[in-house]
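Enquirer: Using the sequences plus the hints, can you model the full thing?
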Amino acid sequence: MTENARGPLRRALRLRSTKIALVILAVVAFFGFAGGALAPHDPLAQDTGHLLAGPSGAHWLGTDYLGRDVLSRLMDATGRSVVGAVEAVAVAFLLGVPAGLGSVFFGRLFEWVAQRITDAVMTLPYIVFAIAVTGIIGNGQKQAMLAIGVFLAPLFFRVTRAAALTLTRAQYVEIAELLGASRWWIIRHHVWSKVFPTVAVTTAQMSAIVLLSVSSLTFLGIGVKPPAPTWGGMLASDLGFLAQQPWAPLFPALAIMLSAGMLNAIADAIRDTTGVATIPLGRSRFRRPAVTIPAQEKIIPAQEKRSHA
Amino acid sequence: MTAVEFDAPAGLTGRGAGVPLSRWAAQWGTAVLRLLRSTLFVGIPVVLIATIITYGLGALTDTNPAAQVLGETATPADIDRMNHYFGLDRPLVVQYLSWLGHALTGDLGRSYYTTLPVTDSISQALPVNLSITVLAVLIAVLLGGALGIGAALSGGGWFDRAVTLLCSAASTVPPFVIGIGLIVLFSVTVPILPSGGYVSFTEDPGQWLRFAILPAIALAVEGAVAIARQLRTSLVGELRENYVTGADVRGLTKLRVVFGHALRNAAGPAITVLGYSIPQIIGAMVVAEAVFNLPGLGKLSLDAAGKGDIPVIQGVLVTMIGLVVVSNLLVNAALLRLTPHARRQQP
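Protein sequences appear in the order of chains L and C. Note that the working numbering has the first sequence beginning at 317, numbered continuously upward. Note that the working numbering has the second sequence beginning at 36, numbered continuously upward.
Since the hints were derived computationally from the structure, they do not count as laboratory data. Be careful, since some hints might not be right.
[Claimed, not checked] Capping the alpha-carbon separation at 27 angstroms, the derived lysine-lysine pairs in DSS-like fashion look like this:
1) L:K458 x C:K342
2) C:K342 x L:K541
3) L:K458 x C:K334
Expert: Written out as structure tokens, the structure reads:
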């Protein structure tokens, strides 16, 4: 990474909103690593004397329908939710970013195939696909996260491709090509530093999206099997006891919303300080211009150009 | 709305004055062709890719469906008989091609467990998804439209800021959490609506609405937020255009300027966003079914996934993809009808 790439990120880090978001995410990550060990109770231990109890000195956030401590379950669940999200984002990143760069720099065939696969994959309702995948190859976190990662890779692909496309006509890239630099050298030295802020914003946004998707899947019991606690799974078990504990879903829901909201805040901060595009919503294909305009023609006045056409 | 008749743009009411019939027909012809071509280019590969992946995954695992279905007491002869009955003793490519061939005629095979035709189970569950999805899209358009137009007209005022804040907050809440919140509000705190269950529309439309309204609202929020944001942005842009000033100067009421002129031009991007929201709603419906205990496609696929009932899983997946492709086609057709410049684009 060159100085070019780090500059804007450092500017984003100086914003107060980024600092607050990072601190909160650091706390979430800390609980992700150590939450299970720090929990005041065993997250699976059942206190049958206190079923569906409200907050008390012994159970700060109350107990669930089996008398399990809600705070301990919430802390223990953090790791599973965060690790799952990181796995899925890593899969999406590793598939999407190289393919996005490759589609710009490694020939028409690669470009065409990658575009068709991207269009097709984006049409799939991925929750249904994740259910299908885990139904066939077994219900585990690795399988579920692989399915989510594969089906979110097109977002990385499109963003990377859009950012890289604008650089293919940059004069310093053309000069490097004329001087005989290899594609790899150009990508490493010229392209990556410019594409990096865009990819960083996308990674933050995707992490928020994935966190919500993972909680949806664990709510359905896909990816992590009960009784191992997850935020989504806790909401699923709360659902049966809303009449007794209407406030119970608030805690796991707040954990999800806070984590996703902070990731969005970081994405906004990087975007505001670097001015990069976000995940494109439209079905645009970011086609290359069919005809490249020679550099001289740019200085011809507009009226004269119209007479040519 | 009747106010549109006054200088309505040519695109909405048909052939505008001064456009020769041949050019008008040619524009529509190429536009429709482009629509069909893009549907084929996206729809067919997505069905092929998704089904090949699910078939291939089944082959990669060493679990034998017959042994799994029949249980531990099955003799090898039983397993062979079941493998033969479902055609599982043939090479994988032959199995896939025969499945694909039958699927094209509407036959999606039989469940490993119940041996009921998958097509029957799906056609029982599909109306639940279709009716609630349509209601959710309707709510998303009305709610998103109202918030977006209101925010654009208030232009930086308190309503605009409130909508922006609401949209940011809503985008961090997954639909099923909204569903749980709605149950707490309308079934537990103020018990006026049922917390789950389903009555079909053909049986009793009034009861259907009582059961369908909460899941539909929960599903609509995400789409409404996307539509409100997009509509606000593009409408604010349109209101700065010269033709809006011109209409103002001609003395048209503000209502007519916004709804008859600016909104039509601002609607294009919002419809594109809607096109993205519909597949999300179809996908999120799976989770909403679990929250509201609805007997739809999601419940069918979850039950099948728990048992490894691969024909049912495949069937639901193909049906879902079909729904998404058809909804994309409808949205693109709407875009074509509403915005003239989408029609004039060269293919």
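Enquirer: Compare the structure with each hint and give your call.
Expert: Verification of the supplied hints:
| no. | hint | in the structure |
| --- | --- | --- |
| 1 | L:K458 x C:K342 | holds (19 angstroms) |
| 2 | C:K342 x L:K541 | holds (14 angstroms) |
| 3 | L:K458 x C:K334 | holds (23 angstroms) |
In the structure shown, no violation is registered for any of the earlier numbered hints.
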